[in-house]
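*Asks:* Work out the full structure: start from the sequences and follow the hints.
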Amino acid sequence: MTGYIDKIKEIAKRILADGDVDMVIGFRKGTLPMSNEPCFITTPDQVESLVWDGACGINLANYLVGHGDKKIGVIAKGCDCRNIVNHIVENKIKRDQLFIIGVPCKGMIDKRKVNDIGEGEVTDAFETDQMVTIKGASFQETREKADLLQENCVLCVHRNPVIYDELAGDEVEEQTGVDRWEDIEKLDALKPAEKSAFFDDLFSTCIRCYACRNACPLCYCPQCFVDESAPQWVGKTENPADVKTFHILRAYHCAGRCTDCGACQRACPVGINMRFLTRKLEKDCFDLFGWEAGLTMEKRPALDAFAPEDPDDFIK
Amino acid sequence: MKIIKIDKKDWAGGLKKSENSYRLMGPVKGGNRLTSEFRVLEKGQVPDLSLSDALLSPKSIVFPQSESMFKYTTDENSDDVNILKRPEKEYPLTAVVGIRPYDAAAFLILKKNFDTKEYRDPYWMDAYESCVFVGLAVNEPSSTDFSASVNSGPFAEAGLDVLLADDGDVFLAKTLTDKGAAWLKAAGWENEADLAHASKRIEEMKAAAEKKIASTISFENIPNKSIMELYNADFWNDAAFSCINCGTCAYLCPTCWCFDIQDENHGKSGSRNKLWDSCMFPLFTLHGSGHNPRDTKTMRVRQRFMHKLKYYPDKYEDGPMCVGCGRCVRFCPVNIDIRKICEQMNSYKAC
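Read top to bottom, the protein sequences are chains L and X.
Each residue of the first sequence is one higher than the one before, counting from 126 in the numbering used here.
Each residue of the second sequence is one higher than the one before, counting from 21 in the numbering used here.
Just so you know, these hints were derived from the structure itself, not from any lab.
By construction, the Cβ of each residue, glycine as well, lies at the ideal position given by its N, Cα and C atoms.
Mixed in with the good hints there might be a few duds.
As the list claims (entries may be wrong) - Chain X stretches covered by chain L per the calculated footprint, using a threshold of three residues with CB under 8 Å from any CB of chain L:
no., region
1, 156 to 169
2, 245 to 253
3, 257 to 263
4, 346 to 352
*Replies:* Written out as structure tokens, the structure is:
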């Protein structure tokens with residue numbers, strides 16, 4: 126996976142030099158171990174600043190909107206591509222505005238898992254295709270990368286880009302036999318009071334910074350319902366009912382659109398796994414409509430369209 | 021100034037004793053166990069000093085994320101109809117145990133905003149004045165701790181009433197104020213160390229900690245640059261590109277002081293609340309007319325760093341509005357790093 130970068134640079138350089146695009150959106154090296162920063166470049170000589178490794182988990186589809194008619198090159202892994210499909214279907218951007226440099230993905234590293242390995246702070250990290258080595262003041266450890274992946278990457282069954290103009294490497298084998306819904310089924314089986322207690326606990330530390338919402342490529346409303354004041358739908362304090370209202374409504378807005386890219390959980394400073402909500406809805410869309418978001422530009426998202434064969438058992 | 025030697029065997033007992041006259045706050049694990057924060061301790065609960073670099077800064081002790089400023093009723097049958105009344109709230113004498121020097125220094129910055137010649141914010145000041153700040157010096161600075169470059173440092177004393185230096189089996193407690201001395205007395209710790217000897221030991225520990233500081237910033241050129249030169253600098257679009265305009269940096273920051281005021285109404289009564297706000301949110305500057313003078317993310321990101329590194333130092337003739345705790349660096353979801361932006365501002369030359 127670390128080997129993609131040469132091809133990425135070659136493609137980015139070419140499309141900028143040929144004038145196919147006005148800018149390329151990718152990652153540059155971050156200032157902390159296991160962190161890269163989204164960036165844009167506009168000239169071929171800037172391609173050297175681009176990086177690609179297991180710390181490119183941020184979904185770059187979130188950075189495509191707001192550049193007018195500019196032609197944009199974007200480096201996109203499987204989930205990013207599915208969100209780009211969403212954007213195209215939802216008329217946020219035009220397909221012919223984009224040059225998609227597709228990256229077949231083997232999963233992104235979860236910084237929290239890495240930070241939990243050693244005693245004390247991780248001050249340096251190196252990555253190969255299979256292994257990650259981390260260093261701290263008093264330790265050095267090497268682990269299988271597969272054990273350090275973000276939860277959504279562990280469950281991912283669409284690692285290859287669904288749309289692209291050029292691939293940065295050969296397609297990877299998709300994961301099979303993944304039980305995507307084990308934890309959701311457990312949650313489903315709880316009694317209502319237990320579910321309520323579970324979600325009370327889950328959201329108890331939310332500081333309402335909205336990092337989850339703002340990291341999400343789906344959350345592009347010009348004004349979010351929590352920010353509206355006339356009428357004011359939701360209170361602004363840390364009142365647990367208001368906090369849960371925000372999270373639950375946001376998840377519903379993403380139903381049938383969420384690709385489980387993990388951006389929300391990754392961005393959360395206090396480590397809330399709000400994917401319990403979005404994944405429940407993802408599962409429902411799959412069970413009820415056979416729908417997985419962002420795989421095709423030919424169909425509208427599940428909750429955006431009606432079909433005669435849609436289940437209607439809930440109508441009594 | 022005295023230095024009291026506290027045997028760690030007597031630590032829990034002394035804390036408990038001080039509870040007779042003080043409420044204790046200290047670092048503990050947060051609700052979902054992934055966070056750490058300063059909270060009121062249960063009777064007999066010992067603060068977890070391994071969590072002193074708490075994920076959530078202790079700012080909220082004095083400046084809660086949301087706080088009712090006034091209650092009101094519009095019920096004509098009430099004597100208080102249409103009168104805003106400050107809610108009853110107690111401010112018990114509180115010892116904040118285990119706060120880091122940089123977080124205590126942050127309160128002095130906040131105070132410049134909440135306690136001015138013209139205005140005294142009673143909510144902030146009443147909470148602040150009820151606190152005794154018992155600091156824990158930093159022996160092992162994190163890689164993102166640049167406090168030594170800005171207003172603070174691992175053994176800095178500003179804003180503290182007591183400074184505890186963790187020296188193996190003992191704490192050396194440096195009394196910095198009468199408030200601090202009173203708390204130590206209430207805890208029953210009166211074993212005075214030989215001043216010259218203990219001072220020397222603290223100086224050694226301080227020097228060792230400062231040597232371990234891996235992170236610094238320079239801002240010495242910023243005061244000499246004009247506001248407009250920095251405002252119009254060419255790096256802001258590049259610096260701001262990755263920003264998602266969430267509130268993580270401001271909400272974790274011990275020095276960010278901006279707040280919003282919102283009414284919450286239920287039938288005929290309600291509350292006027294003071295709530296943390298962030299200049300990263302578009303709503304922060306949205307006018308009633310619909311116009312937003314700061315309507316792009318580049319403008320918002322520039323505002324954050326210009327406020328911390330240029331406007332505040334210029335206005336208050338002080339260092340940056342930052343104590344170098346490194347929280348924004350560690351928790352920014354997209355790795356925007358104030359150290360890097362400060363360097364860009366400090367070395368900027370207009371073409």
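*Asks:* Does each hint hold? Answer for all of them.
*Replies:* Taking the hints in turn, this is what the structure says about them:
With 4 residues bearing a CB less than 8 Å from a CB of chain L, the region 156 to 169 of chain X meets the requirement of three and the coverage assertion stands. Coverage of the region 245 to 253 of chain X by chain L is violated in this model, with 0 residues showing a Cβ closer than 8 Å to a Cβ of that chain against a need of three. With a cut-off of 8 Å between beta carbons, the region 257 to 263 of chain X has 3 residues touching chain L; three or more are needed, and the interface restraint holds. Only when three residues or more bring their CB closer than 8 Å to a CB of chain L does the claim for the region 346 to 352 of chain X stand; here the count is 3, and the claim holds.
Consistency note: the structure conflicts with earlier hint 2 alone.
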